[in-house]
Amino acid sequence: MQYMLLIYAADDAGPKPGTPEFEQVMKGYYEFTSEVQNAGAFVAGQPLQGTNTASTVRVRNGKSEITDGPFAETREVLGGYYLIDVDNLDDALEWAAKIPTSGYGSIEVRPIMELPS
Amino acid sequence: MKSKDVASTHIAVEQIVRTQWGRVLAALIAQFRDFDLAEDALQDALLAALSSWPKNGLPNSPAAWLLTTAKRRAIDRLRRLKTASDKQGELQAIADMAQDCEHTDDDMGDNDSGIADERLRLMFTCCHPALPESSKVALTLKSVTGMTTAEIARAFLVSEETMAQRIVRAKRKIKAANIPYAVPSEDNLEERLHSVLSVIYLIYNEGYSATHGEELIRKDLCTEAMRLTEVLLELMPNEREVLGLLSLLLLHTSRHDARCSINGKLITLEQQDRTLWDRELIKRGVSLLINTLTNSSCKGKVGAYQIQAAISAAHAAAATYEQTNWREISMLYSKLYEYQPTPVVMLNGAVALSFAHGAEAGLAAIKQLEDEGSLTRYQPFYAAKADMLCRTGRVDEAIVYYRQAVELSKNATERKYLSQKLDRLSESLERDRK
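Protein sequence lines correspond, in order, to chains P and B.
The opening residue of the first sequence carries number 1 in the working numbering; numbering runs sequentially from there.
The opening residue of the second sequence carries number 1 in the working numbering; numbering runs sequentially from there.
Be careful, since some hints might not be right.
Straight-line Cα separation of at most 27 Å, BS3-like style, residue types lysine-lysine; simulated pairs [to be verified]:
#1 P/98 <-> B/175
#2 P/16 <-> P/27
#3 B/367 <-> B/265
#4 B/335 <-> B/367
#5 B/283 <-> B/301
#6 B/219 <-> B/265
#7 B/283 <-> B/219
#8 B/301 <-> P/98
#9 B/173 <-> P/98
Since the hints were made in silico from the structure, they are not lab data.
Just need the whole structure built from these sequences, with the hints factored in.
So, in structure tokens, the structure goes:
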């Protein structure tokens with residue numbers, strides 16, 4: 001079963017780029033990714049650029065309305081994701097807890113909806 | 001069919017539902033991995049029993065009979081469902097399952113030793129931390145104890161519809177998110193067991209100090225919580241916190257008769273007639289606790305339930321309220337705070353401290369709570385502070401706090417008790433002024 005691990009954190013949370021702590025987090029991500037891959041659970045995973053690069057599209061009455069910024073202004077923003085394939089929710093939660101950002105942000109775990117073929 | 005037989009069958013079925021529901025349902029879910037299907041099939045089997053047993057007599061093992069019948073009904077249901085969607089592969093799987101069922105269960109209920117006990121898996125699933133709190137409670141009662149949705153709704157004083165929704169929501173999430181039907185691995189066991197124990201304790205507490213309504217103790221919920229703990233203990237013997245919880249519940253229950261007067265008034269620990277305490281339950285609770293703490297074959301660590309049981313045991317050991325060993329209780333509360341750093345534990349600790357070392361010490365200990373404003377809607381905080389103020393002679397301040405306690409109380413008997421205290425205090429203040 002596939003689960004999406006959505007990585008959320010406040011923009012100002014966690015170590016700043018250039019600090020040794022930041023290097024540590026990066027190293028953590030590198031190790032985490034290889035661990036998921038080696039376990040055969042990795043489907044996909046990427047970090048996202050910051051919310052200041054986000055654009056939002058809404059189609060209303062057939063017209064595209066494009067606005068700057070993320071859909072909702074919240075403190076914690078989506079910063080990246082992993083798509084994994086594991087047996088059940090407990091396994092997914094276990095992986096989620098190993099994502100470095102879980103230490104200062106939060107990981108939302110959502111099962112992928114399977115569409116009938 | 002004689003009406004007497006029908007009536008006695010009804011009684012037998014009711015009895016079996018009370019004692020065997022969880023066991024049979026758990027076995028069905030283990031096989032079919034579907035709460036709804038398992039439940040519907042078991043309902044079908046109960047209906048079949050009502051028509052078959054008066055004619056053919058009670059089977060040797062009604063539980064095994066129900067399980068076999070329910071399995072067949074479940075397979076029928078699956079067949080109908082899958083024929084409609086016409087999936088050849090799945091139909092074959094069902095046919096295999098049906099054949100398995102024929103081979104293993106052709107005794108139709110001769111003995112129940114063959115029913116694997118899957119209730120532990122069921123309990124861990126129903127109490128999974130990924131489910132909302134209110135759903136965990138409802139689903140556990142429904143699945144493990146066999147209480148009906150209407151009964152659970154009544155016990156928690158919500159509408160049947162609301163309760164049904166909570167159960168549906170939980171089942172839907174179990175299925176959609178694929179919450180496993182399993183006992184968690186050793187690494188997670190402690191944390192996950194805690195989730196199960198806290199659900200049981202929540203059920204007991206709702207019964208013991210009914211937060212709403214006219215009745216002070218809802219014994220049905222207390223009984224179910226005790227039964228759940230005993231089932232859990234049967235499945236995980238020697239687990240320290242499970243033993244601790246059972247000990248705690250036994251000690252709480254020993255005071256039921258003393259805690260509530262004939263006309264439904266709350267009687268505080270201080271005013272209880274201690275001869276009404278059930279000595280047999282106290283003995284069981286205390287010896288269980290001592291065994292838990294001293295027996296090296298027990299597993300797990302010291303935890304919050306064992307410490308709370310120790311506090312309750314310390315109260316039980318005192319012949320009168322005045323003889324209570326408040327120093328010991330105050331120490332136990334500081335220990336408990338390490339495990340449960342909550343404002344409520346701090347408040348209770350402060351009350352014990354106020355008796356061990358004086359009301360001023362108690363007031364100093366709750367000052368932090370008041371500054372933080374963490375218990376501003378919590379009635380016992382105001383009642384406790386009022387009592388401490390009263391004991392230091394600051395009667396007019398005490399009255400202010402009692403008034404707030406009365407306002408915040410949601411339980412009729414409790415409110416009456418607090419109002420009486422307030423009235424007496426106001427009268428004495430009046431007298432002093434005159």
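Here's how the hints hold up against the structure:
no.	hint	in the structure
1	P/98 <-> B/175	holds, 24 Å
2	P/16 <-> P/27	holds, 14 Å
3	B/367 <-> B/265	violated, 31 Å
4	B/335 <-> B/367	holds, 20 Å
5	B/283 <-> B/301	holds, 23 Å
6	B/219 <-> B/265	holds, 16 Å
7	B/283 <-> B/219	holds, 21 Å
8	B/301 <-> P/98	holds, 25 Å
9	B/173 <-> P/98	holds, 23 Å
Comparing the model with each earlier hint shows a violation of hint 3 alone; every other hint is respected.
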